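*Asks:* Residue strings, one per chain:
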Amino acid sequence: MVGKTQETATKTTNLLVAGVGGQGVITATHLLSQVALAEGYDVKQNDVVGMSQRGGSVVSHLRFGRQVASPLVSAGSADLLLSFEMLEALRYLHWLRPGGLLIYNLLRINPSTVAAGFAEYPGDVRERIESSWERSLPVDGNALAEQVGNTRTANVVLLGAVSVHLTFSEEAWISVIKENVPPRTVAANRRAFELGRQAGQV
Amino acid sequence: MREILTGNEAIARGAWEAGVRLASAYPGTPSTEILENMALYEDVYSEWAPNEKVAFEVGLGAAFAGARTLVAMKHVGVNVAADPLMTAAYTGVEGGLVLISADEPGQHSSQNEQDNRHYARFAKIPLLEPADSQEAKDLVRSALELSEEYDTPVMLRTTTRLSHSKSVVELGERPTEYGAPLTSIPRNTPKYTMLPGYSRIRHPLVEERVERLRGRADELGFNRLELRSRDLGIVTSGVVYQYVREAFPEASVLKLGLTYPVGAGLAKELREHVDRLYVVEELDPFIEEQLRLLGVKVDGGEHVLPRVGEFDAGLVARRLSEDGAPGADALLATAPPTPAEGLPQRPPALCPGCSHRGIFAVLSKLRVFVSGDIGCYTLGALPPFEAMHSCIAMGAGIGMAHGMAKVVQPGQKLREKVVAVIGDSTFFHSGLTPLLNVAWNRSDAVIILLDNRTTAMTGGQQHPGTGSTLMGNETPNVDLPGLVRALGIERVTEVDAYDLAEVESTLRRELETAGPGVIITKGPCVLEYKVTAAPMTVDREACDACKRCLKAGCIALTYETEGQSAYVRIDEAQCNGCGVCAQLCNFGAIVDTVRTEA
Numbered sequence: 001m002v003g004k005t006q007e008t009a010t011k012t013t014n015l016l017v018a019g020v021g022g023q024g025v026i027t028a029t030h031l032l033s034q035v036a037l038a039e040g041y042d043v044k045q046n047d048v049v050g051m052s053q054r055g056g057s058v059v060s061h062l063r064f065g066r067q068v069a070s071p072l073v074s075a076g077s078a079d080l081l082l083s084f085e086m087l088e089a090l091r092y093l094h095w096l097r098p099g100g101l102l103i104y105n106l107l108r109i110n111p112s113t114v115a116a117g118f119a120e121y122p123g124d125v126r127e128r129i130e131s132s133w134e135r136s137l138p139v140d141g142n143a144l145a146e147q148v149g150n151t152r153t154a155n156v157v158l159l160g161a162v163s164v165h166l167t168f169s170e171e172a173w174i175s176v177i178k179e180n181v182p183p184r185t186v187a188a189n190r191r192a193f194e195l196g197r198q199a200g201q202v
Numbered sequence: 001m002r003e004i005l006t007g008n009e010a011i012a013r014g015a016w017e018a019g020v021r022l023a024s025a026y027p028g029t030p031s032t033e034i035l036e037n038m039a040l041y042e043d044v045y046s047e048w049a050p051n052e053k054v055a056f057e058v059g060l061g062a063a064f065a066g067a068r069t070l071v072a073m074k075h076v077g078v079n080v081a082a083d084p085l086m087t088a089a090y091t092g093v094e095g096g097l098v099l100i101s102a103d104e105p106g107q108h109s110s111q112n113e114q115d116n117r118h119y120a121r122f123a124k125i126p127l128l129e130p131a132d133s134q135e136a137k138d139l140v141r142s143a144l145e146l147s148e149e150y151d152t153p154v155m156l157r158t159t160t161r162l163s164h165s166k167s168v169v170e171l172g173e174r175p176t177e178y179g180a181p182l183t184s185i186p187r188n189t190p191k192y193t194m195l196p197g198y199s200r201i202r203h204p205l206v207e208e209r210v211e212r213l214r215g216r217a218d219e220l221g222f223n224r225l226e227l228r229s230r231d232l233g234i235v236t237s238g239v240v241y242q243y244v245r246e247a248f249p250e251a252s253v254l255k256l257g258l259t260y261p262v263g264a265g266l267a268k269e270l271r272e273h274v275d276r277l278y279v280v281e282e283l284d285p286f287i288e289e290q291l292r293l294l295g296v297k298v299d300g301g302e303h304v305l306p307r308v309g310e311f312d313a314g315l316v317a318r319r320l321s322e323d324g325a326p327g328a329d330a331l332l333a334t335a336p337p338t339p340a341e342g343l344p345q346r347p348p349a350l351c352p353g354c355s356h357r358g359i360f361a362v363l364s365k366l367r368v369f370v371s372g373d374i375g376c377y378t379l380g381a382l383p384p385f386e387a388m389h390s391c392i393a394m395g396a397g398i399g400m401a402h403g404m405a406k407v408v409q410p411g412q413k414l415r416e417k418v419v420a421v422i423g424d425s426t427f428f429h430s431g432l433t434p435l436l437n438v439a440w441n442r443s444d445a446v447i448i449l450l451d452n453r454t455t456a457m458t459g460g461q462q463h464p465g466t467g468s469t470l471m472g473n474e475t476p477n478v479d480l481p482g483l484v485r486a487l488g489i490e491r492v493t494e495v496d497a498y499d500l501a502e503v504e505s506t507l508r509r510e511l512e513t514a515g516p517g518v519i520i521t522k523g524p525c526v527l528e529y530k531v532t533a534a535p536m537t538v539d540r541e542a543c544d545a546c547k548r549c550l551k552a553g554c555i556a557l558t559y560e561t562e563g564q565s566a567y568v569r570i571d572e573a574q575c576n577g578c579g580v581c582a583q584l585c586n587f588g589a590i591v592d593t594v595r596t597e598a
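Protein sequences appear in the order of chains A and B. Numbered per my numbering, the first sequence spans residues 1 to 202. Numbered per my numbering, the second sequence spans residues 1 to 598.
Simulated from the structure, these hints should not be mistaken for laboratory data. A portion of the hints provided could be inaccurate.
Said to hold, decoys possible - One-sided and incomplete, this derived list gives chain B residues near chain A with beta-carbon spacing under 10 Å:
1. D132
2. L332
3. L487
4. G553
It should be emphasised that the depicted structure is a prediction, and the values quoted were computed from it without experimental measurement. The beta carbon of each residue, even a glycine, is placed where N, CA and C say it ideally should be.
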């Protein structure tokens, strides 16, 4: 458990969320922030926006605790890394502290360098992750989202998996999801969150 | 009420609460969201100006008229606004004027990482630096009050990690008295008309103002001395304060909110309290130099920390402990594990369907020299296009192309000819004057105006060619070809940005014709205007695996190999159906070229 070990201490919890511009990394991190805020924590979130949004590698930093100073998670100090894409999981793996947890989506999105034929997408991303990091949890977010019947709920599936490893109450999660998704997709997103929670059990 | 706001949202909120009547800006990362949020407060007049100089002048006019005013820009935008800023420092204001300078250490989306704190010293105006969103909100009010009390514009400097970090803010309200209308403009010609005779009278007042501020710098409530350990003292400001607190929790800290001018009192008090004193600041040794001039001995600063890029708590912990500073957080001071090696880069790329793609495919094919400009299309410099060979500043590409064309005689060599490429918003920002020069002084440079009807790179802001304003009002839409002709350009051709044959033949014709010519390529930004069509597909029988379509540099395309055979696959979820790759294919293997607007 990432959050539960922190509760007794006043230590800040560090999360890094990685993905590809356009995947909704910033929005998903904002949902996490809202839940942390609803649960009474001090919260800081940092996103890089601008040019990197155009299909580039994107990360959001999220820190919560009794009192948070820096808005940035330093490399080597993240308690949890959530990646919406496999290659980005590998790229930011060194952000985790020793013993930190990686949750990653089993999704491949080609970088522009691969699309243009200048580089190859490594065929062994999952193997490299598993051989270099003990605590990693792959989730097929897109397949589960298809099971829900709405492929746009993949990010909520992954948040569901993350939620198992944080101490926030399920009610806080559900209420934040309700407030932040289009009204007609509330049911689908709740189902996606539930499937994510199941997938997040280790 | 408490809310979690970015620094930019907090600045807008602070301006609203403090009675700002007018806000003006040109979009630029990381400052853009300030005005986007300002526009949500209907009782403040907010607008995008065509460029930062205009924004500053609009703000200065409103401040002369007695209104509290906010102007905002990215760091390089202040270069554009510097002319009026330098003299506004002499005149002072009637209503408070705060200039937000959003700096970008790390230059995530900028052409340089200049340290704009020097502008405050250069112009001799006060400089405030907030360390979180709450302070950003509070310091906007302080800046306006300081501006009125000391009769000067005030600079509030943020950095990317402040602008885009969310933290908890206590919200206030806007007092109703701020709604009373202004009905006249105060007249004070010797103060506001900077003839040399009048300006000479103002200059000594500016010098006296700085010294008066320096004398009171530590009494104004912006600087805070936190005395803890005697082993280590750190002077810092802005978001870097947060890194310092985490890296060295027990260190004594002087947190400066007012970083120009820096006062001597608290710094000397800290110096006497500690054995070792460091200054921790990103980019230039701005605070450090001031402290040294005040006679405060600094043990470590610019020699210990990098002068380039941005910091985080880990970097501060490691660099200072390596220099012998005691008390670093153990985890942060440990070098992090090394990143995985050999991964393909994931640089930003033009969106699927982007109307710039075909233009750069053609420029890449003709191999002409491309004098570029600032926008999404600067990505045309990267593979596979490699079709931009210089890019300096907003609007600079046209003037530079003119200069090149004046000194190079390429004869029939196409690849030695020069083409300037500039987007519509950048053209309105600062492309008109250099194009006027091309028309006036006659060069053979070909100018391509990429007209996608928005300010795309910063997320789709209105400009004089969009027919709408920041606050959502309809407005005349500038006639771009008419404007270009009015500047004195006789040959103006409009082409469909998605018709590669037309783009190429027009460009070839212009390159072969003497004298200036402008090509306007038309294709609205697919993100901003939500332009989509049915995805294209590859006919695998017809595909020769020649990779020519990959010249489109589109992330929807993937080169696949299956045993002995190879082909290109199109990811339907990514494909926008624009048809550029289909036009690059020599075998007709990419099918379905219908394009519709959603």
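*Asks:* Using the nearest Cβ pair, does B:G553 come within less than 10 Å of chain A?
*Replies:* Interface hint status for B:G553: holds (5 Å vs cutoff 10 Å).
*Asks:* Using Cβ atoms only, decide whether B:L487 comes closer than 10 Å to chain A, and label the hint accordingly.
*Replies:* violated, 30 Å
*Asks:* With 10 Å as the cut and Cβ atoms as the points, is B:L332 at the interface with chain A?
*Replies:* The hint holds - B:L332 has a Cβ within 10 Å of chain A, the shortest such distance being about 6 Å.
*Asks:* Just to be careful: measuring from the Cβ of B:D132 to every Cβ in chain A, is the smallest value less than 10 Å?
*Replies:* OK, holds: B:D132 within 10 Å of chain A, min 8 Å.
Going through the hint list in order, the structure does not satisfy hint 3, though it satisfies all others.
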